[in-house]
Amino acid sequence: MARTDDSTGEVSTSIEGAAGERIRLDSVTKHFDDLIAVDEISLEVEPGELLVLLGPSGCGKTTTLRMIAGLETVTDGSIRIGSEDVTQTLPQNRDISMVFQSYALYPHKTVRGNLAFPLGKTDLTTEEKEQKIEEVAEMLEITDLLEKDPDQLSGGQRQRVAVGRTIIREPRVFLLDEPLSNLDAELRVQTRAQLHSLQRRLGTTTVYVTHDQEEALSIADRVVIMNDGRIEQVGTPEEVYTEPDNEFVAEFLGEPSINFLDVGEGGLFGGEVSLGEIGIDVPRETARIGVRPEDAFVAGKQPSDGRFTDPVTFELDVIEPLGHTYEATLERNGRRFALQSPDLEGEPGDPVEIQFDAETILAFDGDGRRL
Amino acid sequence: MILKLITSATEALGGLSRRFRRQSIEAPLWERALFYLTLGVVGFVSVFPFYYMGVTSLVPESWLYSRVPQAIPALADLTLENYEALFGAESVPFVQYFLNSLFIGTVSAALGLAFSIFGAYSFARLEYPGRWVFSRGVLVNYMFAGILLVIPIFQIIVWAKLVNTRLGIIVTHFIFVIPLGLYLLGNYFRSVPREIEEAGLMDGYSRLEVIVRITLPMSKPAIVATYMYAFLLSWNEYLYASVILRDQSLYTLPIGIEQLQYAFQNVWGDVMAASVVTTIPVLLIFLYLQKYLVEGLSFGNMD
Numbered sequence: 537m538a539r540t541d542d543s544t545g546e547v548s549t550s551i552e553g554a555a556g557e558r559i560r561l562d563s564v565t566k567h568f569d570d571l572i573a574v575d576e577i578s579l580e581v582e583p584g585e586l587l588v589l590l591g592p593s594g595c596g597k598t599t600t601l602r603m604i605a606g607l608e609t610v611t612d613g614s615i616r617i618g619s620e621d622v623t624q625t626l627p628q629n630r631d632i633s634m635v636f637q638s639y640a641l642y643p644h645k646t647v648r649g650n651l652a653f654p655l656g657k658t659d660l661t662t663e664e665k666e667q668k669i670e671e672v673a674e675m676l677e678i679t680d681l682l683e684k685d686p687d688q689l690s691g692g693q694r695q696r697v698a699v700g701r702t703i704i705r706e707p708r709v710f711l712l713d714e715p716l717s718n719l720d721a722e723l724r725v726q727t728r729a730q731l732h733s734l735q736r737r738l739g740t741t742t743v744y745v746t747h748d749q750e751e752a753l754s755i756a757d758r759v760v761i762m763n764d765g766r767i768e769q770v771g772t773p774e775e776v777y778t779e780p781d782n783e784f785v786a787e788f789l790g791e792p793s794i795n796f797l798d799v800g801e802g803g804l805f806g807g808e809v810s811l812g813e814i815g816i817d818v819p820r821e822t823a824r825i826g827v828r829p830e831d832a833f834v835a836g837k838q839p840s841d842g843r844f845t846d847p848v849t850f851e852l853d854v855i856e857p858l859g860h861t862y863e864a865t866l867e868r869n870g871r872r873f874a875l876q877s878p879d880l881e882g883e884p885g886d887p888v889e890i891q892f893d894a895e896t897i898l899a900f901d902g903d904g905r906r907l
Numbered sequence: 054m055i056l057k058l059i060t061s062a063t064e065a066l067g068g069l070s071r072r073f074r075r076q077s078i079e080a081p082l083w084e085r086a087l088f089y090l091t092l093g094v095v096g097f098v099s100v101f102p103f104y105y106m107g108v109t110s111l112v113p114e115s116w117l118y119s120r121v122p123q124a125i126p127a128l129a130d131l132t133l134e135n136y137e138a139l140f141g142a143e144s145v146p147f148v149q150y151f152l153n154s155l156f157i158g159t160v161s162a163a164l165g166l167a168f169s170i171f172g173a174y175s176f177a178r179l180e181y182p183g184r185w186v187f188s189r190g191v192l193v194n195y196m197f198a199g200i201l202l203v204i205p206i207f208q209i210i211v212w213a214k215l216v217n218t219r220l221g222i223i224v225t226h227f228i229f230v231i232p233l234g235l236y237l238l239g240n241y242f243r244s245v246p247r248e249i250e251e252a253g254l255m256d257g258y259s260r261l262e263v264i265v266r267i268t269l270p271m272s273k274p275a276i277v278a279t280y281m282y283a284f285l286l287s288w289n290e291y292l293y294a295s296v297i298l299r300d301q302s303l304y305t306l307p308i309g310i311e312q313l314q315y316a317f318q319n320v321w322g323d324v325m326a327a328s329v330v331t332t333i334p335v336l337l338i339f340l341y342l343q344k345y346l347v348e349g350l351s352f353g354n355m356d
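Those protein sequences? They're chains A and B, same order as listed.
For the first sequence, the numbering used here assigns the number 537 to the initial residue and increments by one for each residue that follows.
For the second sequence, the numbering used here assigns the number 54 to the initial residue and increments by one for each residue that follows.
The set of hints was computed from the structure by calculation and includes no laboratory data.
Do not rely on the hints blindly, as some may be mistaken.
If you only want the chain B side, here are some residues facing chain A, beta carbon under 7 Å, derived [said to hold, decoys possible]:
id	residue
1	Asp256
2	Gly257
3	Tyr258
4	Leu261
With a straight-line Cα cutoff of 27 Å, these simulated DSS-like cross-link-like pairs (lysine-lysine) come out [said to hold, decoys possible]:
id	chain 1	residue 1	chain 2	residue 2
5	B	Lys273	B	Lys344
6	A	Lys684	B	Lys273
7	A	Lys665	A	Lys645
8	A	Lys645	A	Lys657
9	B	Lys273	A	Lys645
10	A	Lys684	A	Lys645
11	A	Lys665	A	Lys684
12	A	Lys657	B	Lys273
13	B	Lys214	A	Lys684
14	A	Lys684	A	Lys657
15	A	Lys645	B	Lys344
Where chain B lies over chain A, by a calculated footprint (3+ residues, C-beta under 8 Å) [as the list claims (entries may be wrong)]:
id	region
16	636–644
17	647–657
Since this is a predicted model, take the numbers as computed values, not measurements.
Each residue gets a CB set at the ideal place from its N, CA and C atoms; glycine is no exception.
Isolated chain A, as found in the complex:
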């Protein structure tokens, strides 16, 4: 029931979202003929959490989401929502709702018809349904669009209708499959923030699939990084970025990508510079070290606190101004190094002295695991 509080004029709505339910995937596997799309994934989504599945295309993230939805059968393993095992439950009986990448609005129904459709299976009275439609429309600022057809709407408006259709039934779980990928860049950032606050407010357990790392890190409570049908790492956005479990995660996150430097013959750059020489202290099994482009500084311009390596001289190859900072590719002995720094200056070919932040250097062993 929406009531209008006379003193403030604020409308409080009945759309509250179901109390969060826990989702548990236990050794879930999916085969498409010979292809293993998802390989024994075990995962828990905490009640009320916004969990993002992130990974390159073909990594199995969408298949995982579709198995939670019930749109793909599970080859092996089990899926539980709350205390209920839903592995064999038909999608229409799982009490889950989903935003599709294409939005999948019903083209033959108006916006109102689209919002009303999920309510058709609830036992609400006609007035209650009308009320809910009005509330959701108000919440998503699409009240003016209620009588329009989907093909009359812009991309952003369609997206909001799709979200409205998802939340109106107050299901146990929201699933979102690349919900922002069809929007232009500016709208994507804005909509991302709105989605985030909406999810906070409703407190409904949400699984969100994207291949866009920036989107994932900005919106997630926890991120699951997937590759090749397997989970590489699960953690908060800070954890997966600063403490990646392996080289894949380290490389996948961050734009430009992290720099890997081979520790050959006990030194960097083909053994030319020894680790000790510039003050890098890593375990003996280290095969490669990783340095993020923003963790290297032009010599003399590093922050006053912290521990930094001794300068290494590179040759400037490409420099691109981004306004607030510069992105550059440096070279030494044929090895490239990406750098992001506001203090860069010079022309291609000029020498640049670089110091690494010793605290943030990541060390990996020969199998790509972080030490």
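Got chain A sorted already, so can you dock chain B onto it with the hints?
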């Protein structure tokens, strides 16, 4: 035939509007002249038989056999006597033929459509062994000329004891609707995005409910086209009706019109009057539903 006419006319119209948009830029005069000339010839060839059918039905027999053939009758020559004779003749239950055709067409088209909807949906969406064989095999049926199958089908009808019944002819027409129905609807269903159906499942509806409430409304053009095709096939079908039906009271219009030859003396005016009466309802339905029809047919890539 009418189907062809309408599709060719709409194609011509499409070509026309394309030409118009382009004319100010490039189409030279002679090209446009050639275009209209071609259009005129095609139009004349398509429409003249209908025109002459209409004229013949409205003039006395004597006018037809006048020494100098005329294309346009004088107003004074026009008469409804052919129609009066057609509906007045006791020996010819023309209204009965009309109702028979209407009934058989409506029912066989409805059955054919219902069957095609579920069959085509299964071809388009469901996975099962042998699907490929079924979905292609059904088109093979379409490659046989109707007359090749007369004897086997008649034997089946005899075996099923359906000779000289409405059901017998309904079943036969139904069989002939299915290949095209499956093909047309199957292609259309494939064009409905899977995600939209999945959204319906996620919104709490069963597969069957999703078909009825989402897939079918979205496929209205193909459904209308299939129904029209099926109805028309039955409405115009002569061969099987003449083989299966014996009693005059069961005759459909095509056989009925043929029978007029034996019932009337000066037969052409009456036959043409009957043809006009047969054609008009079909034309009316077509004009009313043509936007769906064109969309549905052009989608199934059917010429």
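In rising order, the numbers of the hints this structure does not comply with: Result: hints 4, 13 break, sorted rising.
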